[in-house]
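Peer 1: Protein chains in written order, with the working numbering: chain S, 466 to 1143; chain E, 125 to 210.
Honestly, the hints are just simulated from the structure, not real lab data. Please note: incorrect hints may appear among the correct ones.
As the list claims (entries may be wrong) - Non-contacting residues of chain S with respect to chain E, defined by C-beta distances greater than 12 Å in every case (computed):
| # | residue |
| --- | --- |
| 1 | Asn577 |
| 2 | Arg637 |
| 3 | Arg749 |
Claimed, not checked - Simulated restraints on C-beta separations:
| # | chain 1 | residue 1 | chain 2 | residue 2 | range |
| --- | --- | --- | --- | --- | --- |
| 4 | S | Ala919 | E | Met157 | 19 to 25 Å |
| 5 | E | Gly177 | S | Arg1022 | 42 to 48 Å |
| 6 | S | Pro993 | E | Gly177 | 53 to 59 Å |
| 7 | E | Gly177 | S | Leu1001 | 37 to 43 Å |
| 8 | S | Ser932 | E | Asp151 | 37 to 43 Å |
| 9 | E | Glu181 | S | Leu1001 | 27 to 33 Å |
| 10 | S | Arg918 | E | Asp152 | 17 to 23 Å |
| 11 | S | Arg995 | E | Ser126 | 55 to 61 Å |
| 12 | S | Arg1073 | E | Met157 | 46 to 52 Å |
| 13 | S | Gln757 | E | Asp151 | 37 to 43 Å |
Note that the structure is predicted; figures quoted are calculated from it, not measured. We put the beta carbon where it would ideally sit given N, CA and C, even for glycine.
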Amino acid sequence: MCGIVGIARGDRALVDRQPLRRMLATLAHRGPDERGMHVEGSVGLGHARLSIIDPAGGHQPMAHPQAGLWITFNGEIFNYVELREELIGKGHRFRTRSDTEVILHAYEEWGNACVERFNGQWALGVWDERRRRLFLSRDRLGIRPLFYARLGNRLLFASEIKALLVHPDVPRRIDPVGLNQVFTYWSTLPPRTVFEGIEELPPGHNLVWQDGQLEVGRYWQLQFEPDTSAKTETQWADELIELLSDSTRLRLRSDVPVGAYLSGGLDSTLTTALIQRTTDAPLRTFSITFEQPEFDESDYQRQAVDALGTDHEAIRCTARDIGDVFAAVVRHAERPLLRTAPAPLFLLSELAHDSGFKVVVTGEGADEMFGGYNIFKEAKVRRFWAQRPDSAWRPLLLKKLYPYLPNLQAQSLAYQKAFFHVRPEDLTDPLFSHLPRWEMTSRLKTFFSEELRAATAGQNGYADCLSTLPNEFADWPPFCQAQYLESTMFLPGYLLSSQGDRMAMAHSVEGRYPFLDHRVAEFAARIPPRLKMKGLHEKYLLKRASRDYVPESVVRRTKQPYRAPDVAGFFPPSRDQSPPEYVQELLSPEQLRQDGLFRPEAVASLVRKASRGDVVSQRDNMALVGILSTQLIVEHFIRHQPSSASSDQIEPPPQAAVPRLVGDDVAEETYDATSPVR
Amino acid sequence: MSNTVDALRAFIQENFLFGREPDFSDDDSFLEMGLIDSTGVLELVGHLETTHGVTIEDDELVPENLDSINRIVRFIELKQQAATSA
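So that you can see chain S by itself, here it is in the shape it has in the complex:
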């Protein structure tokens, strides 16, 4: 796992080394072990390396001189062993044991289509000297990040936005439309970001830059085609567990030890159990605990650890910890957040890093693929109710959904009907499942300043989202429509980025996700919806498939959504403590007036409410976190040139060699794959 950067010019002018070096320096946290650059003529590639596979041979940028190719690559191609064999069969000769070299030969053999053969998580750039062509690609589900900026006839790309913003010619401005999207969907819709002129390569897409022309195209799409054959539940469950075992096995390919996150939920308990069946090596696992019982899952974590016998370590996250690390969290996430839930994961990756781990397996993705989320259940109940809006007992099911939201429990039917969009006319809306969430989130815009409102006028409604839906969407069962929205928006735009890659890589830790193997995703998309959620039993098939692997108490437990203290992290309930200094500063009327995004008097009301301890609603919690994180974005990236990683410099993992700076100031070429075969 690593950080990548690059500059390519459409004209024949030479690429300047200095800006590339500065870009690379901002990504030191992603790759503390080595740094390399290759600058030749009108192209420059840079790489910050976290060595995981073939530490001795896998230096980057890497060349395939016979084919005139150079690569900078972040991620893993888990099936590189098999691809390597196949390519050797076709006459390719390899000089290293790395997956990076396999990509170079796969590109030589199959061109752009090589990525369709990859099983993995990647963001990569290949420079094809002979055709003077830059090829960028991002994995199917959006696990690894990749951003780019067009500056006249130059194209810049990088793993993180901060690397682009330090380039002297890249403007540093907020994109109001991107901000409006975050305050609707929780994330921007790629290619848009919250920064003007900076674009995100969407998951499952390639980009080709040649002669100053840019072309972005999709190579993979999540398609729901429920299987109508007479396959039995047992057959489905057997196939599922076999596939997951294989997906987990591939994700243990590493030349450094692999640990695991164990939350106490079904998904990570299952992936942990599958790891243990694959290897005899003792397994280290990590988790977060909270002081507040409403967030804490220690009991289930203990049950899972006792049953599986892992060597476990937990980190306790207090509300105060969240306030303390939140500024760093936003600097890594590079987009506004509406919840603080990424913050504990920032602390967790620090624990994994300090324990000597560079790689962890997690259960992320199971809820999307196998139907675990409350939003799916909620949509099912709402649909059921909306078909008979006067039914007295149908809505009672809603109260069963949110036992952890006491405020909701007290509501009358009439209010619930209004809050949950239970109107027959909504039934045909393609976005039915997500209307309550997005409407609630959109209400936060009441804090927008007049200027921001004016700049986003005409952006109301969900037209930008509707335009991204595939043609087949309308024909899918409602349950699959909800899964698609969740898997293509919230998963890459928030869970895998703000809560995933960015929090892990902040401490040089790579996440691996057995549930996000594309074969698992494609298999899940064929499972009939009734087996994903049977009645209101979420993840029915996955639970059934897990029975022989996961302790019964964990299989049967009520699902608890992962949440963390929000406002309490910034406004301590105790009178003797005051909010962290940066919170007071960034939410002060003077600062808000200067930045011009939010109404100072509105934020002042909200701050008063929070100081009194009266912020209780989801909406107010989200508003405060959203405004504060946006202000942090302005502070870190607009008001100031983003700093290099020095402000949160981290040491390389204990077992790693001393970081080496190779090639940068030494020679034009960096690592030459033609060096003697190891």
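Please build the complex by placing chain E on the supplied structure of chain S, with the hints as guidance.
Peer 2: Only chain E this time, still in chain S's reference frame:
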């Protein structure tokens, strides 16, 4: 009752509109304006119970009683009358 109306508007302005001038009439529906969410209803009820010394039962938490300024005013009047005559 104009004091009650003013106090209610002030409460809504501070807590739900966050300072924005309330640009709605006393008959406009809070739900239709998107002014109030599920927790907001409870915040409103807490406020009414504290300022008007009434106790509001669970089955009274319906839009008929609480969904506009005028509805609340009427509802509070009825509650207070009931309390006096009891």
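Peer 1: Taking the hints in turn, state whether each one holds.
Peer 2: Here's how the hints hold up against the structure:
1. Asn577: holds (46 Å)
2. Arg637: The assertion about S/Arg637 holds, with a minimum of 29 Å to chain E.
3. Arg749: Non-interface label stands for S/Arg749: nearest chain E Cβ at 41 Å, farther than 12 Å.
4. S/Ala919 / E/Met157: 19 to 25 Å: This hint holds: roughly 21 Å between Cβ atoms.
5. E/Gly177 / S/Arg1022: 42 to 48 Å: holds (44 Å)
6. S/Pro993 / E/Gly177: 53 to 59 Å: holds (57 Å)
7. E/Gly177 / S/Leu1001: 37 to 43 Å: For S/Leu1001 against E/Gly177, whose Cβ atoms are near 42 Å apart, the range 37 to 43 Å holds.
8. S/Ser932 / E/Asp151: 37 to 43 Å: holds (38 Å)
9. E/Glu181 / S/Leu1001: 27 to 33 Å: Holds: the Cβ-Cβ distance is about 30 Å, inside 27 to 33 Å.
10. S/Arg918 / E/Asp152: 17 to 23 Å: holds (21 Å)
11. S/Arg995 / E/Ser126: 55 to 61 Å: holds (58 Å)
12. S/Arg1073 / E/Met157: 46 to 52 Å: Given a distance of about 23 Å, which is not inside 46 to 52 Å, the answer is violated.
13. S/Gln757 / E/Asp151: 37 to 43 Å: For E/Asp151 against S/Gln757, whose Cβ atoms are near 42 Å apart, the range 37 to 43 Å holds.
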